[in-house]
Amino acid sequence: MDDFLVRAALAGIGVAVAAGPLGCFVVWRRMAYFGDTLAHSALLGVALGFLLGTAPTFGTMATGIIVAMLLVWLQQKRDWSSDTLLGLLSHTTLAGGLIAITFVQGVRIDLMAYLFGDILAVSTTDVAWIWAGAVIVSTVVALLWRSLVALTVNKDMAMAEGIPGHRIELAFVILIAVVVAISMKVVGILLITAMLIIPPAAARHMAKTPEQMALLAILVGCIAVAMGLAGSFQWDIPAGPAIVLSAAVLFAVGMAIGLMSKQRSIT
Amino acid sequence: MADTQTLIKASGLKVSRGGQMILNGIDLTVDSGEIVTLIGPNGAGKSTLVRALLGLEPTDSGTITRKAGLVVGYQAQKLVIDPTLPLTVRRFLTLTHQQPDEELARTLDHVQLEPILDKSVHVLSGGEMQRVQLARAILRNPDLLVLDEPTQNVDISGAIDLYRLIQETRDRLNCAVVMVSHDLNVVMSATTRVYCLNNHICCSGRPAEVSKHPEFLRLFGQSAADMLAIYTHHHDHDHGPAGEVRPTHTHDHDHPH
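Chains C and R supply the protein sequences, listed in that same order. At position 153 of the first sequence (counting the first as 1) the number is 153 in the numbering used here, and the numbers step up by one without a gap. At position 16 of the second sequence (counting the first as 1) the number is 16 in the numbering used here, and the numbers step up by one without a gap.
Looking at chain C on its own, in the form it has when it is part of the complex:
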């Protein structure tokens, strides 16, 4: 197998491992638009990263964390609904990013690669960034897992029974920013939320506990990466969108399995 395919597979699997369990919370807490907003802010992060001379992944993480904090602060003021605030931040940061990127001189930036991903062009450094991020995210999620599940079921209950809710929620938001940053090279800004949402959704019907759903989401994500890369190689189609489409196909399969097992339990 070619080296670039191995790197692509490693990058994709790294993203699937990090995004699966965290994406479950995004689904359970109905935060898809939140993921989208952080993803849209990523372009601004790339531009700022270049302008400040740091790694784009680092710039993206930092911007995502700042946007997330800004959002939490605006939400606490309760003047506007979350929906409106997300729309405001999402498109403001995207517009800002598109403008900021024109100020980056000297480096030719392939805008398409950031918007739609370019997994077949990931370097060894990119793979290292992705896996460093994936290991950190997975470790923190594993440590906070039980508390995050309890907070998701009922925040008051969890906090009344001694779980430090505010700190854990903050960590959760930061983790999403990290996943967005490392996923950018793989599926692109416009499709990042797909990696957070679709594998968990596909896993839902086959899972009985939160833990099963998280592990199945990782599995679905990995299969989607393999299918997408194979399709891309076979038919010369763009790899990022192929991965997302594969995940959607797996979602349909998961739904079919769910419907069949439901019918079995009725009869």
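To be clear about the criterion: a stretch of chain R counts as covered by chain C if any three or more of its residues have a C-beta under 8 Å from a C-beta of chain C, and this derived list gives those stretches: (1) 72-80; (2) 88-101.
Far from chain C, some chain R residues (derived; all Cβ distances over 12 Å): (3) Asp31; (4) Gly43; (5) Gly62; (6) Leu113; (7) Pro115; (8) Glu209.
The list that follows gives simulated cross-link-like pairs (lysine-lysine, PhoX-like), each with its CA atoms no further than 25 Å apart: (9) Lys67(R) - Lys14(R); (10) Lys119(R) - Lys155(C); (11) Lys78(R) - Lys155(C); (12) Lys67(R) - Lys155(C); (13) Lys77(C) - Lys155(C); (14) Lys155(C) - Lys208(C); (15) Lys208(C) - Lys119(R); (16) Lys262(C) - Lys208(C); (17) Lys155(C) - Lys9(R); (18) Lys77(C) - Lys14(R); (19) Lys78(R) - Lys208(C); (20) Lys155(C) - Lys14(R); (21) Lys119(R) - Lys262(C); (22) Lys9(R) - Lys67(R); (23) Lys119(R) - Lys78(R).
Just so you know, these hints were derived from the structure itself, not from any lab. All figures in this text were calculated on a predicted structure; none of them were measured in a lab. Note that beta-carbon positions come from the ideal geometry of N, C-alpha and C, so glycine has one too.
With chain C fixed as given, assemble chain R onto it according to the hints.
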């Protein structure tokens, strides 16, 4: 009770939201082994008070002291679990406190449920879910059981059953109970103290006393006071006011009359 301990003590508590005073000058104490019931109309600040006592709600002024290391078992008022979250009864019971299956099954039996550990919580009825919630709170072996409207979506006989269960639980665990109720019809006679809340504490005392208090009558009207049935349990010994609801369960043998 041999040695009574103060679990929570609030004094001069004030909470406001958006310029509106929700709680004004609340003084309240919860001692070990007590059953405290908060009643009051919608918007009286009952849930806010409970949240403040637990440290979940920022306060404007006043002090709240909680016993160090206080273990709380909390039953939420409206538990809406997103259908995308797969959750068995076993996993729900062990959300904040892990226990072996035998212990889980025993507690389900205590709240009069079948051993439905592998059942999804999404298929439970409202009444079953209330009991599962109670079981989860009990499993923490708490010093303080906090129940926010435990009889919501439960009919009157189910409510009486639940109140009996709560009292038995208190006797067994020797914990204190703080209960929020808009359910004026039935207040447990085992309640040590009823606080009648309408942004401030209108009146407080034993259930029978509160039902005669002028402030209570002003707030809820005479018909409510007439309706206020005080559910008396077997080892209760005083005040059987008019409109008493007679429980149908088997312990119902020595009501004083």
